[in-house]
Amino acid sequence: MHINYWTELTRNNFGKIGLAMLCLVLFIALFAPFLARYDPGEPSHAIFMSPSFEHWLGTNDIGQDIWSRLLCGAKNSLLVALGVGVFTTLLSTVIGASAALVGGLYDRIVMRLIDALIVIPAFIVIILVAAYVLPNVWTLIFLISILTWQGGARLVRAQTLSLKERMSVYAARTFGANKRYIVIRHIIPNLSSILFAVFIHSATRGVFMEAGLAFLGIADISTVSWGLMMHHALRFYYLDVWKWWLIPTGLALSVTIMAFVFIGHALETAMDPRLRVMEQEDWQ
Amino acid sequence: MIELRELEVMYGKRRVLHGINLTLKRGESLSIVGESGGGKTTLGLSIIGLVEGTVRGEILFEGKNLVALAEKELKAIRWNRIAMVFQNVENALNPLYTVLDQVSEPIVVHKLGDRNEATRRAGELLNRVNLPEGRFYAYPHQLSGGEKQRVLIAMALANDPDLIIMDEPTTALDALTKVEIINLIHTVCKERELTILLLTHDFYAASTLSDRMAVLYAGRIVEFGSTPALLSNPRHPYTRGLLRCYPSMTTTKDLQGIKGRMEFFDVGCPFHPRCTQSIGICREKAPRLEKNDGRFIACHRGGIIPLLELRDLSKSFDSLKAVDSIDLTLYEGETLALVGESGSGKTTTAKLIMGIFGATEGRIYLEGKQILGRDKSFYQRVQMIFQNPMESLSHRLSVLEAVREPLDVQKLGNREQRESMVRQILDEVELPSSETFLNKYPHQLSQGEAQRVGIARALILNPKLLIADEPTSALDASTQAKVVKLLLNLQEKRGIGMLFITHNLALARKISDRLAVMLKGIIVEEGPSNEIVSSPLHPYTEDLLKAAPTLSSRVHAVPERTSERNDGTGCPYANRCNKVTEVCFNEKQRLSSLSTHKVACMLCTATD
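For the protein sequence lines, the chains are A and B, in the order given.
Using the numbering used here, the letters of the first sequence correspond one by one to residues 46 to 329.
Using the numbering used here, the letters of the second sequence correspond one by one to residues 43 to 650.
Here chain A stands alone, though its shape is the one from the complex (with noise of 0.2 Å):
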């Protein structure tokens, strides 16, 4: 069946509502300079100001906005977002599809490589890596990247070897058609409803992983992480400023994750035939 994922994701009601987060906040993270009133790195202002009509959300220990810190903060997360989803996916697709297509011993090294690396937490590692070297935005979606893509690897893996096998292919190869054409023209576009799902989930997950790291003070000191205003509010939980800093941004969060949680959801419902039909029912 040929699935159009705009329409299916428009027609969920999951999928419309993430798609509505996902919107604002890209809105947020595109137009930041120009909705924020202050520069967000400016420290000009008063220190442990309550929120005011001058500062939406008062200012930190620094005396930069607060408010102006939390719309920039957004491009930041999302930038991680598509780092590590495209980054993972890339890595995924690569190592899962050549392993399906190549086959016999390089398949065989790359699943245990895959098993092995599976059970290495990856929030430890970095943690460690961190303690040497001080990540920034770039490093960490590196290491984000480098640490996660095992499970797309196995999708994508899985879902090459059955469509190898299908009958389409084999007319292809009774063609004349070389494993480039097979690749290009049969593999790859039948494999992007599960890049697709692979790119959400690493995206969730490394927006989710940046805002933890950062939260435990693992991030570069000048970028503007949701992740890092949260930690420097606990810093400050015994003035009573400190919520102002910590849930508007612990929401903002939330928002972003569950907008990607969301299209994810709604996707695997599209592809799922199963909880397709469950859908339908559910409607009647």
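When the alpha-carbon atoms are kept at most 20 Å apart in a straight line, the in silico SDA-like pairs for lysine to any residue are as follows: (1) K363(B) to F627(B); (2) K453(B) to R225(A); (3) K224(A) to K418(B); (4) K411(B) to G221(A); (5) K418(B) to M212(A); (6) K295(B) to A519(B); (7) K552(B) to A589(B); (8) K418(B) to G221(A); (9) K117(B) to L154(B); (10) K224(A) to S419(B); (11) K209(A) to N430(B); (12) K411(B) to L507(B); (13) K524(B) to Q466(B); (14) K209(A) to R416(B); (15) K453(B) to V214(A); (16) K418(B) to I227(A); (17) K61(A) to A242(A).
Hints were generated in silico from the structure; no laboratory data involved.
With the hints as your guide, set chain B onto chain A.
Coordinates of chain B only, in the frame set by chain A:
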């Protein structure tokens, strides 16, 4: 008795006969067959010296060259030694004389007796040809066609000749009269030890009246050999084409024609424009009639070429022998039906040929060359129609993209050329080539449409060999009929060799020249379709035939499992065969030849 050497006849500038060499011994009968306009009558007339064109070469009759003979000497031979039964019954008799007078005329003219003697003899002859006595004094217009033919035969016999040339003696006669005339000719010739030269396009007359047969095409003999051999196993593409056009109770395949029209060529093989296996040399040089495996064939390619040969082909999946050293040969322009129940290894065989599976053992030859690796050019010549059209079409490709895919892969033509080729092939498989249809996706097509898209994909590269794996099993009867007709038409036009895989024997019989019955990876019986259908040898084939669909209301008994034993050492049918013996379980039979069939069965080979 008579020998033609390099006989040539020209009508003005037009050469009607080219270098005919034939020898006919006393008492022998030879038929010359071919389409009308091929030069048969000219050949007959040139022997009795009545042809109006220029004759070159030699016609040796008992040592005398008839071509060089003066008209007076020729007259002595004509009708006394060589007589002819002319083709056109209506015009051959003079309407003004009674038949008795006409039969006695040659006797009188050649002064073999006086008028009374001649009339007496004519009466005898008319009696001999079973013309009722009351009709002796009838005028030709009062006689029926069959009666006139009898009179003509009596006339030819009048002077007791040694050689009779009969030009279409049975054409235009109804079936029963035809048989009567054939029987008459047969007995008369036997009792008088006549030598017959039969010129006809009627294979029935030729098969019953002649020992040897020459096929004449556009003034050249293309195939020459013993009549039964030529009929059961034609080797020249033209002979096969003629036989495919001839409706008879023995052939089971649907009628097929020969593409194009007959034209006379001075250079090159005369048949090349209509031949589906012609190569460059066929256009440039006329082939000589050469001895080839017990007969003479005039073909640069040595007759119909074997297109695909499988030798000892085997494929095992772990311990399961899906295909167990099979031998098959598929000739150019032929349909070989591979019949058997599901799981018998038919599809595996197809996939082995296409290279989807690698063979465990054995060799595959294409046009005589062993296939070692398969490149793009291989797939240009060999294509496959897949069993399930919906699966073999990618759901992401529109009709246009799917049908264009083979061209894209092979990088043939530019974008516009490819698109016009797609439209053309869709026309050929009777699908619309409108924009809306081209942009449809597989799930928007019906089963029949999808299968025809599959066929179009397989045909767009113009392959010589088509592997059709159950191409119609998913279709309803009317669509199936269309698809089958289409494939047969394409075979006629392009000479596609087809390996038609099916479990439907009733269908296989209508479309195939030869049948191979497969069971558990081995071929148990192989031979011409009509013979397998009319006299199956292997019990499995018999049971398959019993189970084949008929329109009678009888319910057929399904062969019951007679034994649970089957460890794979014996005959694969042993546990279901009702004629099974102990030996069947222990020994595997190899395919061995038995008359025109090949069969792998203990019982058939043992009793013979």
